[in-house]
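*Asks:* Next come the chains, spelled out residue by residue.
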Amino acid sequence: MGKVRIDLRVNGSAKTVDTYPMARLLDVLREQIGLTGTKEGCGEGECGACSVLVNGELVNSCLVPVLQVAGCEILTVEGLAENGQLHPMQQAFAETGGAQCGICTPGMILAACVLLKRFPCPTDRQIRDGLAGNLCRCTGYQKIFDAVREAGRAMAGT
Amino acid sequence: MRAYVPDYDLVAPDNLSETLRLISREPGVWRPIAGGTDLMVLFEAGKLPYQKLVSLARIADLRGFTASESHVTLGALTTYTDMQRSEVMQREFPLLVKAASWTGAVATQNRGTLGGNIANASPAADSSPALLVYDAEIQLLSERGPRWMNYWEFHTGYKTTAMHLDEIIACISLPRTTTGCAQYLRKVGTRGAQAISKVALAGLAKMNAGKVEHIRLAIGSVAPVPFLCVETEGVLTGRRLDREAIGEAKEQIAAEIAPIDDIRSTADYRRRVTVNLLEEFLESLLPNP
Numbered sequence: 001m002g003k004v005r006i007d008l009r010v011n012g013s014a015k016t017v018d019t020y021p022m023a024r025l026l027d028v029l030r031e032q033i034g035l036t037g038t039k040e041g042c043g044e045g046e047c048g049a050c051s052v053l054v055n056g057e058l059v060n061s062c063l064v065p066v067l068q069v070a071g072c073e074i075l076t077v078e079g080l081a082e083n084g085q086l087h088p089m090q091q092a093f094a095e096t097g098g099a100q101c102g103i104c105t106p107g108m109i110l111a112a113c114v115l116l117k118r119f120p121c122p123t124d125r126q127i128r129d130g131l132a133g134n135l136c137r138c139t140g141y142q143k144i145f146d147a148v149r150e151a152g153r154a155m156a157g158t
Numbered sequence: 001m002r003a004y005v006p007d008y009d010l011v012a013p014d015n016l017s018e019t020l021r022l023i024s025r026e027p028g029v030w031r032p033i034a035g036g037t038d039l040m041v042l043f044e045a046g047k048l049p050y051q052k053l054v055s056l057a058r059i060a061d062l063r064g065f066t067a068s069e070s071h072v073t074l075g076a077l078t079t080y081t082d083m084q085r086s087e088v089m090q091r092e093f094p095l096l097v098k099a100a101s102w103t104g105a106v107a108t109q110n111r112g113t114l115g116g117n118i119a120n121a122s123p124a125a126d127s128s129p130a131l132l133v134y135d136a137e138i139q140l141l142s143e144r145g146p147r148w149m150n151y152w153e154f155h156t157g158y159k160t161t162a163m164h165l166d167e168i169i170a171c172i173s174l175p176r177t178t179t180g181c182a183q184y185l186r187k188v189g190t191r192g193a194q195a196i197s198k199v200a201l202a203g204l205a206k207m208n209a210g211k212v213e214h215i216r217l218a219i220g221s222v223a224p225v226p227f228l229c230v231e232t233e234g235v236l237t238g239r240r241l242d243r244e245a246i247g248e249a250k251e252q253i254a255a256e257i258a259p260i261d262d263i264r265s266t267a268d269y270r271r272r273v274t275v276n277l278l279e280e281f282l283e284s285l286l287p288n289p
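Chain order of the listed sequences is A and B. Take 1 as the starting number for the first sequence in my numbering and just add one per residue. Take 1 as the starting number for the second sequence in my numbering and just add one per residue.
Keep in mind that the hints were calculated from the coordinates and are not lab data. Keep in mind that a hint or two might mislead.
Here are the computed lysine-lysine pairs in the BS3-like style, where the Cα-Cα straight-line distance is at most 30 angstroms [stated by the list, open to error]:
{"hint": "1", "chain 1": "B", "residue 1": "Lys250", "chain 2": "B", "residue 2": "Lys159"}
{"hint": "2", "chain 1": "B", "residue 1": "Lys250", "chain 2": "A", "residue 2": "Lys3"}
{"hint": "3", "chain 1": "A", "residue 1": "Lys15", "chain 2": "B", "residue 2": "Lys52"}
{"hint": "4", "chain 1": "A", "residue 1": "Lys3", "chain 2": "B", "residue 2": "Lys206"}
{"hint": "5", "chain 1": "A", "residue 1": "Lys15", "chain 2": "A", "residue 2": "Lys117"}
{"hint": "6", "chain 1": "B", "residue 1": "Lys52", "chain 2": "B", "residue 2": "Lys206"}
{"hint": "7", "chain 1": "B", "residue 1": "Lys206", "chain 2": "B", "residue 2": "Lys250"}
{"hint": "8", "chain 1": "A", "residue 1": "Lys143", "chain 2": "A", "residue 2": "Lys117"}
{"hint": "9", "chain 1": "B", "residue 1": "Lys159", "chain 2": "B", "residue 2": "Lys47"}
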């Protein structure tokens with residue numbers, strides 16, 4: 001089967017890739033666009049390491065054929081920092097020890113950003129539900145919960 | 001072994017007629033794909049038995065809710081997230097909202113669709129027990145035209161359905177008859193999120209002066225297909241609900257299911273849990289539980 005030309009916006013920049021329509025968004029981001037922040041964990045939608053935002057909604061990029069996101073706005077972890085300043089969520093993960101080995105971190109941070117957008121001051125239950133699809137084997141999650149709460153406070157300016 | 005990506009083709013028409021024409025031209029060759037949360041797992045594992053896929057995701061006609069006086073109709077592309085955000089669903093069909101909230105986790109809920117969950121035809125599908133107790137109807141569409149069928153007739157065997165090869169699911173329609181009904185849904189799985197159920201039981205009942213006026217009971221993961229427990233319903237319908245009736249219903253449901261041992265659980269455990277879930281639901285219907 002032949003390749004197709006696909007236009008995307010990735011972290012605010014227009015990108016055009018020539019690729020197979022069934023190529024996974026994950027592979028296109030990492031191998032063709034060169035954004036290796038997005039990780040592959042399980043490759044079957046269980047672990048959330050490959051989470052990115054498509055038009056503002058969290059998805060597992062390992063389960064998305066790239067043709068289905070032609071013309072869409074993609075946000076990866078590389079798109080969070082602005083003007084050399086870490087996003088408050090990245091800052092909070094760094095400061096609280098929410099990131100350890102780092103494999104789950106890019107997806108975890110994006111899922112946490114989506115969570116805070118919906119619940120700026122989340123309860124433990126809301127954090128648990130919002131991050132249920134993102135698995136971490138290092139932290140035991142408590143430091144991640146601390147990071148989310150800390151980022152929430154920083155973003156609310158309190 | 002991983003799939004070799006160049007072997008696969010995917011097209012994404014933005015209209016129904018082109019999609020149906022493609023599917024009917026070579027029945028069984030072009031496989032519809034919606035959110036991809038099931039098919040892409042098979043693809044990555046090199047186990048997807050289709051090489052040509054047609055994406056339904058850009059077809060606007062398959063999206064959205066419509067509410068008439070008698071029915072709420074959900075386009076096949078309605079996602080689990082859409083269901084959770086819908087006020088009419090929360091008010092009248094809370095079991096589907098609940099099922100949607102425990103399907104995978106957020107990322108799966110954003111992509112996975114109701115039509116896809118039905119067409120994928122897993123006996124453990126999260127939405128099936130709720131759809132069954134709500135007496136859902138499905139509209140199937142092909143170049144030959146639309147046809148409606150009862151959802152309870154849709155699953156014909158393990159992962160087989162009454163859909164023809166040239167058909168897609170267009171929408172799912174729910175009769176608005178839940179007012180005054182007690183509703184129950186409980187899934188037993190290994191963890192709260194990202195878990196495939198060991199057993200899931202849905203119940204819907206209308207009580208009248210201590211008698212069961214109407215009852216629907218549906219289960220997933222305990223037979224080759226998700227199904228309505230019509231024999232157990234028969235034990236209870238029209239009857240005064242008391243301990244004796246509950247005891248008989250428990251015996252009946254244990255006989256009516258056909259659970260198996262598999263990687264997720266054992267037949268024995270599934271049978272015991274099914275009976276316990278039924279008991280929990282029926283006891284909640286007693287005047288002073």
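*Asks:* Next step is simple, just say for each hint if it's right about the structure.
*Replies:* Structure-based check of all given hints:
1. B:Lys250 x B:Lys159: Within the cut-off at roughly 28 angstroms; holds.
2. B:Lys250 x A:Lys3: violated (58 angstroms)
3. A:Lys15 x B:Lys52: holds (26 angstroms)
4. A:Lys3 x B:Lys206: violated (57 angstroms)
5. A:Lys15 x A:Lys117: holds (27 angstroms)
6. B:Lys52 x B:Lys206: Not OK: Lys52 (chain B) and Lys206 (chain B) at ~47 angstroms, beyond 30 angstroms, violated.
7. B:Lys206 x B:Lys250: Measuring from Cα to Cα gives roughly 19 angstroms; hence the hint holds.
8. A:Lys143 x A:Lys117: Within the cut-off at roughly 20 angstroms; holds.
9. B:Lys159 x B:Lys47: holds (15 angstroms)
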